[in-house]
Amino acid sequence: MRVKKIYFLLVCALLMTFVIHPTRHVAYAIDSSAVGGLKTGSTYYLIHYNGEQKEFTINESIKLTLTGWTDESETSANGMIKINKDSLSQTKNIILNVKDEFLKVPVSDTENIYFHLKPSDSLKVEKGTIIAVNQNGSSIEKVETINENGIVVEDQGLYYYKMDANGNRVRITKEEYDSLNSGESLEQEGANLFKTQAVSEPQKPSVSYVTHVQDVGWLPKRAKNGETSGTVGSGKQVEAIQVFLEDSPYPNSGISYKTHVQDFGWMEPKSNGETSGTTGKNKQVEAISISLTGEIANHYDIYYRVYAEKSGWLGWAKNGENAGTEGFVRQVEGIDIVLVEKGGPAPVSDTKPFLSKPTIVYQSHVQDYGWLNVASNGQMSGTMGKAKQMEAISINLKNTTTFPGGIIYSTHVQDLGWLTNVTGGNISGTVGQGKQMEAIKINLTGEIANYFDIYYRVHVEDIGWMDWAKNGQTAGTEGLVKQIEAIEVKLVEKGGNAPGSTSKPFLLKPTIVYQSHVQDYGWMKVASNGHTSGTTGQNKRMEAIAINLEGSSSIGGSITYSTYIQDMGWVSWVTNGQISGTVGLAKRMEAIKININGEVANYFDVYYRTHIQDYGWLGWAKNGMVSGSVGIGKKVEAIEIKLVPKGRGDAVNPNTAGIKSKTVFLDPGHGGTDPGAVYGGYQEKGINLSVARKVKSILESRGYTVYMSRETDVFIPLLERSQMANNVDPDIFVSIHTNSTGSGANSKNGIEAYYYQYDPAYPSKINELFHNDPQRIAKSIELAKIIQQTMVSYTGARNNGIAGQTFSVVRETEVPATLLEIGYINNDKERQKLINDGYQNTLARAIADGIDKYFAAN
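Take 57 as the starting number for the sequence shown in the working numbering and just add one per residue.
Don't take each hint at face value.
[Claimed, not checked] In silico PhoX-like links for lysine-lysine, alpha-carbon gap of 25 Å or less:
#  : residue 1 : residue 2
1  : LYS546    : LYS526
2  : LYS374    : LYS260
3  : LYS413    : LYS491
4  : LYS702    : LYS690
5  : LYS444    : LYS560
6  : LYS95     : LYS292
7  : LYS398    : LYS454
8  : LYS230    : LYS183
9  : LYS374    : LYS326
10 : LYS398    : LYS160
11 : LYS95     : LYS110
12 : LYS155    : LYS110
Don't read these hints as lab results, they were simulated from the structure.
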């Protein structure tokens, strides 16, 4: 009986070996039993090779380089494998043969890697993972195509094999595989005996799973044991999953899983086929976590991975670890799940299984408030609209498990400049010193810098929110003395879109440079930022100058300037490094005007002062004012120029910044064919001219430059008088007249003065720009008042006060102007005074002294 039983078993085995499957075909990759020596979980690489030199990334620690065929027979190829593992690095030269067997390369004491080579017209690498190897010789392999970077570019799915009668592996269908391993193809007593033997073997559990996919719903078929569920590469999100533990031989065993869902976060754990996620809400699953429960967890590990939007297949997670992404808003599009016996080889991963976006947190110390609450991920820290300076900041990274690294930052502080870099969580800036932060630089360090850019922007006094800086660029201002009031900081995936404009995150004070041409020396060395150019104490004249702005592309604008040159007067304005003045003509520079234009003028004032012959250093001028001397023949010997933050400089006084002979335009009323008022044998035009000549004589003796509309008895039209004055650009205009009531002798007497008062019935003809200028009107009133009071005081005449009128000469003149009525010609007593030379001298001295008083006040 014993022999009979053994014979029967052999017959059964032969029957199993020779069962014929009509759909069998040769395997895609390995043509012999070479794979037979590999165990469940093993990974091999099939290289379709065309002889080119190529480097392949196998996984995160192994790289393979093929350098070409060893000879023309193309039966073997030269190669080199680099292994970086556990802080050790090694390089091995290898030869891959074109044969059925695998080349086994030891990676460590417990890990091997297998390669197989096939000639081909094109280069391609296929990665095979042994999912299952059964005692009857059948097996399952997961096959993927990878690129040279080790990234899966095509998932070919699961392949099923059996061994034929000759010991060769042949590919079969899943149904054939299931039938072969269920024993349904066995018949009669041999089959029954096989089933008995199969039952006696330990039962192997399996895992199946199904996904709910956007626009599709629940997929019609469960995936199983490493198959993919979902729609990889179609851009459709997985919205829910169900996972089933099947055929577990262990009592009280189960499976637990949860999903991280858009807008919901981590959902409550589900188990054994329950739905985790959402349906009908269009919310994407972004990560999963799966665990075995009960006794099975002591015997098996559960591995799983996800295909994530933008990332592709991530690495394998196991036993409750997270797989997917968090904080990136990336949908899961497919999942693989597989059970591996404890201690068995794990599926190989060359990427991280879970990507969790780090959090950037920051806290600012603000004037009068102290440390504010912690802000994070682009929130504002600081204040707006309260004019409170940020004085210090602390920045840190949290949740850096998947992207290790750190952060460094430095602040530019009032009076201190750039401080030394500090690292995460430390304070940069000052506390308790009342010093404002003006700029900041932030950067990432370590691995996290390979995956993220750090963006930041600041809210600056008088400017508002500036544009975004990133990765160590400067945000804020330098040299403008403007406080940072608030800040926003955020992480953006490497190469992702910036949170907003990045065109101007930083404003840097330009450098003002200038060079003077000096008598006997020629062009001097370039000076900058308030240093002296020229000479002092050597009696050498400056003859020309060139000025420019340099060193800042962040602030646009230009600098313009004009010089007052001996015998030439003011020369035309030039700009940005051009020469103003003369070279080789021996003409002295006597004064200068400098201005800045464009954006730079919004942030700075230009200050300058000159060293003048016989006077030394004059006071500072700014923004187009005259510095130097005009009309007194004094040479400029040296100059200093600087930019000062807008509104932060000292006050300037035009009277101390420049020296010039004040210019007065006198207008004796009437003349020629226009006698003016006539009474008692005297004409107004003669009295006006006589007094005006006396005023001119006094003023010129005091150093004034005096022009007159007429110095003889000629007729000058009213508009022409004003135009004459405007052409010489005087400091003031004084028109002298004699009054009259217009009818016979009268008792009315006294002195009065007039300034321009707007009357829409009499619009300006040649002075539209300045006729009603408030500053001109105010100074005209002041001029009229001072001269009126002085004349009344000196002559004892009746004070008829000052008043506004729209007389042509005071309306059409661009400068402060007054019209004086020095007395009534048709009042007999007052006329006798007006024609008296001594009284005219008194009037003239009063007018001249009044002019002196006006200029002393202005």
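Hints versus structure:
At most 25 Å may separate the alpha-carbon atoms for a hinted pair to count; LYS546 and LYS526 meet this at roughly 10 Å. Only pairs whose Cα atoms come within 25 Å are accepted, and LYS374 paired with LYS260 is accepted, the gap being roughly 19 Å. Pair hint LYS413 plus LYS491 does not hold up; C-alpha atoms about 35 Å apart against a cutoff of 25 Å. Pair hint LYS702 plus LYS690 does not hold up; C-alpha atoms about 31 Å apart against a cutoff of 25 Å.
Of the supplied pair hints, the one linking LYS444 and LYS560 holds, its CA atoms being roughly 23 Å apart against a limit of 25 Å. For the given pair, LYS95 sits about 35 Å from LYS292 by alpha-carbon distance, which is inconsistent with the 25 Å threshold. About 34 Å separates the Cα atoms of LYS398 and LYS454, which puts this hinted pair outside 25 Å; it is violated. Proximity of LYS230 to LYS183 is assessed by CA-CA distance (about 20 Å); at most 25 Å being required, the pair is judged to hold.
Distance hint between LYS374 and LYS326 is fulfilled; the C-alpha atoms sit about 17 Å from each other, no more than 25 Å. Straight-line distance between C-alpha atoms of LYS398 and LYS160 comes to about 24 Å, which keeps the hinted pair within the 25 Å bound. Only pairs whose Cα atoms come within 25 Å are accepted, and LYS95 paired with LYS110 is rejected, the gap being roughly 29 Å. The suggested pairing of LYS155 with LYS110 holds, with an alpha-carbon distance near 21 Å, which does not exceed 25 Å.
Hint compliance for this structure: hints 3, 4, 6, 7, 11 are broken, all remaining hints hold.
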